[in-house]
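Enquirer: The letter at position 53 of the sequence shown is residue 1277 when you use my numbering, and the numbering goes up by one with no holes.
Worth flagging that the hints you see were computed from the coordinates, not collected in a lab.
Errors might be hidden in some of the hints.
Derived Cβ-Cβ restraints for the label pairs, each shown as a range [claimed, not checked]: (1) V1285 x N1259: 17 to 25 angstroms; (2) P1263 x D1228: 13 to 21 angstroms; (3) V1253 x N1284: 34 to 42 angstroms; (4) V1292 x D1228: 36 to 44 angstroms; (5) G1227 x T1255: 15 to 23 angstroms; (6) K1291 x A1247: 14 to 22 angstroms; (7) T1230 x L1266: 28 to 36 angstroms; (8) K1293 x G1252: 32 to 40 angstroms; (9) A1251 x V1292: 19 to 27 angstroms; (10) D1228 x K1291: 16 to 24 angstroms; (11) N1264 x G1231: 14 to 22 angstroms; (12) A1281 x V1253: 16 to 24 angstroms.
A virtual CB, placed ideally from N, CA and C, is assigned to each residue, including glycine.
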Amino acid sequence: NAGDETGFRVEQSTNGTTFVQVATVAAGVTTYRHNGLTPNTLYFYRVRAYNAAGNSAYSNVVQVTTKVK
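Taking the hints into account, I'd like the entire structure generated from these sequences.
Expert: Structure representation (C-alpha cells):
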C-alpha cells in the first residue's frame, strides 16, 4: 500500500502470460477471494494499484493451485 491509491486491480491467468482483470478492490483491502474456479487447476495472479494519475507497476506474479474437489 502506497497510501495514495484509489484501489487495486486484480488480474488472473491460466498460462502465466495472458492476464485478464477479474476484480477491482478498494484501497486498504489486503485480501481477495476468487470463487468459481476449477478444482486442481494452476492459476496465476498479479495486482496493480491505481489512482487518478494512472496505474502502478504490476506486483510480482504468484501462482496457486486449487484443491482437488
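Enquirer: Which of the listed hints are broken here?
Expert: 2, 3, 9, 10 and 11
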